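These protein sequence lines are chains A and B, in that order.
Counted from 1, the first sequence has number 142 at position 69 by the working numbering; the numbering is strictly sequential.
Counted from 1, the second sequence has number 218 at position 28 by the working numbering; the numbering is strictly sequential.
Please keep in mind that the hints were generated in silico from the structure rather than gathered at the bench.
You may find that some hints are simply not true.
[As the list claims (entries may be wrong)] Partner residues aside, some chain B positions facing chain A, computed with beta carbon under 10 Å:
(1) D250
(2) Y267
(3) V276
[Stated by the list, open to error] Chain A stretches covered by chain B per the calculated footprint, using a threshold of three residues with CB under 8 Å from any CB of chain B:
(4) 104–114
(5) 158–169
These numbers come from a predicted model, not from an experiment.
Glycine included, each C-beta is placed from N, C-alpha and C at the ideal position.
Here's the letter readout for the chains.
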Amino acid sequence: MPAGEAFSSAQKGELERAIRYARQVGDLPVSLYVGELGASSRPRALELHAAFGDAAAATVLVAVDPGAHRLEIVTGRAVSRSLDDRSAALAAATMTSAFAAGDLVGGLVTGINQLGDHARAPRVLHADGEV
Amino acid sequence: MIRVSPLLSPRATARPVAPARARRTHAVRATALGLTALGVTALAAVLPGQAAGADTLIQDGTVPGPGLAAWQSLALYLGAPLLLAVVITVLVMAPSWVRGPRYRPSLTWFAAPVWLGAPEGEHLAGAADAEGAGHTPTTVDAGGSSARW
Numbered sequence: 074m075p076a077g078e079a080f081s082s083a084q085k086g087e088l089e090r091a092i093r094y095a096r097q098v099g100d101l102p103v104s105l106y107v108g109e110l111g112a113s114s115r116p117r118a119l120e121l122h123a124a125f126g127d128a129a130a131a132t133v134l135v136a137v138d139p140g141a142h143r144l145e146i147v148t149g150r151a152v153s154r155s156l157d158d159r160s161a162a163l164a165a166a167t168m169t170s171a172f173a174a175g176d177l178v179g180g181l182v183t184g185i186n187q188l189g190d191h192a193r194a195p196r197v198l199h200a201d202g203e204v
Numbered sequence: 191m192i193r194v195s196p197l198l199s200p201r202a203t204a205r206p207v208a209p210a211r212a213r214r215t216h217a218v219r220a221t222a223l224g225l226t227a228l229g230v231t232a233l234a235a236v237l238p239g240q241a242a243g244a245d246t247l248i249q250d251g252t253v254p255g256p257g258l259a260a261w262q263s264l265a266l267y268l269g270a271p272l273l274l275a276v277v278i279t280v281l282v283m284a285p286s287w288v289r290g291p292r293y294r295p296s297l298t299w300f301a302a303p304v305w306l307g308a309p310e311g312e313h314l315a316g317a318a319d320a321e322g323a324g325h326t327p328t329t330v331d332a333g334g335s336s337a338r339w
């Protein structure tokens, strides 16, 4: 039964900072959804991801259902080039281990930061001049 | 050069720097000590006599004050500790009351959906309520990961 705010303003600020970090460091637009995903969490997460329309291909959706203990990371086609499924799975493991300990915000912040770090293209000397 | 301890040195006993004033101070100290010892002994001897005659001699602390009423006793021995316990409980719990409910893995989720960085022009409630609808567009070629805890 939804009642009350999921996050305090300070926690929301932390999450927004993490999202901003991922955008700055990894050029990764992260969208975070925290709420019920229903029985079939993956299709529901894909629906939510599709709501971005044209921007969906370049968006990462982190969808968490804290009540059902489900986490879905959906990467658009364009994003999956810089953020592969293995990196997403690693970030998911980071998040779920924190969630299991009851640290929802901490897990999300660490996980989103990790997504941004993984998406960061490694700097290579021969390409520095071109970018 | 060997320094001899004043205690071992025979000269120490016949120190020329021991003036009459110092000797007088010693005498005064010894007298004071003796008098104090005498006073303590005398007091010890007198006190039992005083205790015996306590009904005639009124001293602070020997006279009982007015007794406590029943409600006063209750307030003092029951009310005050309870009040103290309540105050401590409030002080301990206040931060979590201010912070509100927090996520616990064993409990159900309590809050309405939150979407940070939601798609532009998309109403949060509208997107969240469109559950199970077959015609909702779905991202087909998506990557990512699923996890449970």
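Subject >> Assertion that chain B covers the segment 158–169 of chain A - criterion: three or more residues, beta-carbon distance below 8 Å >> reply: holds (count 8)
Subject >> Interface hint status, B:V276 versus chain A (Cβ within 10 Å) >> reply: 25 Å, violated
Original post:
Measuring from the C-beta of B:D250 to each C-beta in chain A, is the shortest one below 10 Å?
Top reply: 58 Å, violated
Original post:
Holds or violated: is there a CB of chain A closer than 10 Å to the CB of B:Y267?
Top reply: 41 Å, violated
**OP:** Closer than 8 Å, Cβ to Cβ, for at least three residues: run that test on the segment 104–114 of chain A against chain B and report holds or violated.
**Re:** Coverage by chain B holds here, the residue count being 8 at a Cβ distance below 8 Å.
Hint violations for this structure: numbers 1, 2, 3, all remaining hints satisfied.
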